[in-house]
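K.L.:
Chains as they are written, first to last, in the numbering used here: chain A, 1 to 308; chain B, 1 to 219; chain C, 1 to 487.
No lab work stands behind these hints: they were computed from the structure. Please read all numbers here as calculations on a predicted model, not as lab measurements. Hints should not be assumed to be uniformly reliable.
Said to hold, decoys possible - Beta-carbon label-pair distances, calculated as ranges: (1) C/51 - B/186: 11 to 21 Å; (2) B/118 - A/201: 49 to 59 Å; (3) A/169 - B/118: 26 to 36 Å; (4) B/65 - A/254: 49 to 59 Å; (5) B/186 - A/96: 57 to 67 Å.
Stated by the list, open to error - Below, simulated BS3-like cross-link-like pairs (lysine-lysine); rule was C-alpha separation at most 30 Å, straight line: (6) C/207 - B/218; (7) C/147 - B/218; (8) B/85 - C/357; (9) C/357 - B/218; (10) B/89 - C/357.
We treat Cβ as the ideally placed atom computed from N, Cα and C, and that holds for glycine.
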Amino acid sequence: MLLAMIQTLFLLALAPLFTGLIRKFKAFFQGRQGPSVLQPYRDLTKLFHKDSVISKDASWLFTATPYICMTAVITAALMIPFFTTSSINFIGDIIVVVYLFGMMRFFMALAGLDAGSAFGGMGSSREMTISAMVEPTILLSIFTMALISGTTRLGEISFNLATTGLDLVPPALFLALAAFFISTLAENARVPVDNPATHLELTMIHEAMILEHSGKQLALMEWSSMTKLLLYLVIMANTFLPWGIATEVTPMALIIGIFAVILKITLFSLAIAIIESSMAKMRLFRLPNLLTVSFSLSLLAVMSFYIL
Amino acid sequence: MLNSLSLDAINTLAAIILLTDFMLVASSRMRSLTRIFAIQSLALGALAAVVAFETGAEHIYIVAVLSIVLKAVIIPRFINYATTKIQVKREVEPLVKIPGSLLICAAITLLAYFVTEPLMQQGTAITSNCLAISFASVLIGMFLMVSRRKAITEVIGLLVVENGVFLAAISTTYSMPMIVELGVFFDVLVGVIIMGLFAFRINRTFDSIDASILRGLKD
Amino acid sequence: MIITLLLLPVAVALVCLLLNRYTKLVETASVLGAGLLLLLGSVLVLHVFEEGIIDEGMWYLDQLGAFMLLIIVLIGFLAILYSVPYMRHEHESGEVSSNMLGLYYTFLFLFIFTMVLVVVSNNLGIVWIAVEGTTLVSAFLVGFYNKGTSLEAAWKYLIICSIGISLALLGTIFVYASSIDVLGENSDLHWTSLMAVAGQLDPAFLKIGFVLVLIGYGTKVGLAPMHTWLPDAHSQAPSPVSALLSGVLLNCAMYAVLRYHILMTHSSIGGAFSSGLLLLFGLLSLGIAAAFIITQKDYKRLLAYSSIEHMGIIAIGFGFGGFWGIFGALLHMFNHSMTKALLFFGAGNVLQKYKTKSIDGVRGLSRTMPVTSILLLMGALAITGSPPFSVFTSEIMVLTGGIDQGNILPALLYAGMIVIIFAAFMGHVVRMIFGDPPEGMEKGEVNKAGLIPMIALVVIILVMGIFIPDGLSDALRDIVALFGGQV
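Kindly generate the complete structure, drawing on both the sequences and the hints.
P.N.:
This is the structure in structure tokens:
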């Protein structure tokens, strides 16, 4: 339990760092220096000192949403194995994690509508369209991992997979990983699904939903989004490719575990940066094509587990 | 009896073949169709080579090499050549939209699995579980032929069906008598060339190879 | 001997290709070649009928194969006889260039070669290659005229038949798979080897294999619902080619199916499964053909649907089983070929005179082309099953077979649909033959030399309607025995 709380604090603290890291990688590929890796921390601090301006038409939902999102993210972080496999475990906790993220998305969409501005509603509707296609994919990918390791507890999935050899890995794992990666891009507002740096009406999705927030609420929303991205990366690193994670609580294992997971997340960040720099954002009506491809991949992953 | 590494390799290659089936359905550009088909044929040839290695049957090596040379190199080149000659538009024009097509293909794969399940009990051949994938390839190939407008995509669909049949041959019977295999390859090559010829003639007459224009003959 | 039989059409095709520019030489070579083929084929056929099976390992000619061979060389010869004046007329009216004329005969002989290959091969894989070969070569013949409609027909033909053939290949593989347990690595896909161990073949693979083969080769036979390419292909091809397609190719494809059917009857599954499927497809084909014949507006398509009808009847005959069903179906294969060839030749004459394929556009044939109209009328009566023509005999035999085996309802359906088709078909033909010819149509036959093969065919179908020569009848009994039916 203590270990879980420590992991959570780590995750919260590191989240802005990795967002900064992705931006730094992108800048490198675009041939410029880019802001420092610690810039997101400075942004968050700045926002915490500012006042909030809230629309007259907003209800309690609008002010509550940032806190709800933050809570959801912290709760999810408690259940995801970071550098050891002993987080809070109970049967079916992968479903809880997925739906905590779902709850966060739900409230963000409502908050977007709540402020009464046109941009917010537009962002919310687009977000729900995308999530309708992404959610089954995420569930199927994680179910594949559950099938492969024979349990639905995230910590145990990690443990089981980490202790089996590399040659017993079925091809279904890679299919599920590919599907989950595409879903990560979709859920966290990354190119090619959404541009996280834009504020143009035609291209905003995630940004549109949080457009009306300001001051501390905006800080909380930003922080929870960054943590969400980190959590997705951690899930990918520790559930699909968990080798290196600490399976027992010894100092040596812990150090290796921390090192391994940081390395894996850095690699994933690099991958995201490369994708963001080399692809253009897809037009909205082309998104179903991409998302259905990832859904088919996850479906294939489940099927190939049974067929092969 | 079986080396477990070979079994893994066969399973992975079969998964790649199924994956390429889906990628063919999901692609929206003509060029990528031939490229993906080449990858599929390559995987198929590699699978045949692994089977040959396992069973020690020399003539399957020849079949594997033939398959790679013919279907991964010659035929894709020929189709690309025909496509440029006819000056076909770059996009595949699907009659059924891509997301829908992908879901249908997923359903087809499940169907193939159920149909071949009684056969999989036999288990005498190396990988009777490739049978489900071969059936799925055949059905997906047919779906490709029906749901895409251009005449050239119909040819590619047919080739995918052939790949599925070939995979079925390898996985249930190791291989057929050499002369039959050679004849089949020859037939496929000639068939593709002839279809290319006809596509060219159709384009000359109708100025397009949109197969849905070919509706003049009706009752 | 069999190898000579195979090499002969290839040689003639080569000669025609080389002598492309000299039309007269090409025509002479073709007629001579076809005549030689008829001679050689007949010798082989008589040998098999009288002295027994020729088994040369890869080549195998039993009574069933010999029977098919007889149909191929006979119709082949008559079709080439008819082609010469027909294509000459096409050439003169500018439809076809000299180059194309030479190519026509080349492809025609290649086509005949592939069909002969189907019936003389012992190896089921080679049978598959040959059937695929027939599709590829005849596609050129179907799309011979460079018109939009011909190309469309050829493309549909290519694509649909290729799908069917791929399924047939899968079926062949499964049948092969059913044999490797028994024959081990030495299983060579020879029909004779498979027949020897038929009882021990794996039933699961064999069953699915047969279904795939039936659907696959059945596409080439023109069984519904895989028949959609047939009306287009057979109506757009030049008339002598249509005769070959309808009269010979469909039978060859049926032959391929039959080889597997015989295998099934001797296997542990027994004949009921495959016969049932054949009956089902046959009735479906008959029904669909009847529906489309009633509303038909194009006389060549009319003949094409009639082919679907008769292939359905043949399938029904084999589906009924028993002595009369099988004997009738076999005889029907022969009778249908002769009659359909006659009709297509006649249609060719009409097309060249009236220059339209529409039934409404043709009137008063009896006045403008008296000989053709008589021959056509006789052909129409024959194909719809009127006595004293041969088709009547075989259709009655099939009906007897059905009642004999207790399939009363299918037999009644069968009889009913034949009556419907009789009425509809004759209605169309009578409208074409009688009445006043269109304005300005001159009287006189277009293709006098082409009448000779037609008259020969009429003689055959009349004679066969009255009695069946002993030699043929005995051979057919031997074939029935192959199916395991009582003699």
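K.L.:
Does each hint hold? Answer for all of them.
P.N.:
Results for each hint:
no. : hint                      : result
1   : C/51 - B/186: 11 to 21 Å  : violated, 35 Å
2   : B/118 - A/201: 49 to 59 Å : holds, 58 Å
3   : A/169 - B/118: 26 to 36 Å : holds, 30 Å
4   : B/65 - A/254: 49 to 59 Å  : holds, 52 Å
5   : B/186 - A/96: 57 to 67 Å  : holds, 60 Å
6   : C/207 - B/218             : violated, 36 Å
7   : C/147 - B/218             : holds, 16 Å
8   : B/85 - C/357              : violated, 35 Å
9   : C/357 - B/218             : holds, 14 Å
10  : B/89 - C/357              : violated, 36 Å
Taken one by one, the earlier hints fail for this structure at numbers 1, 6, 8, 10, listed in ascending order.
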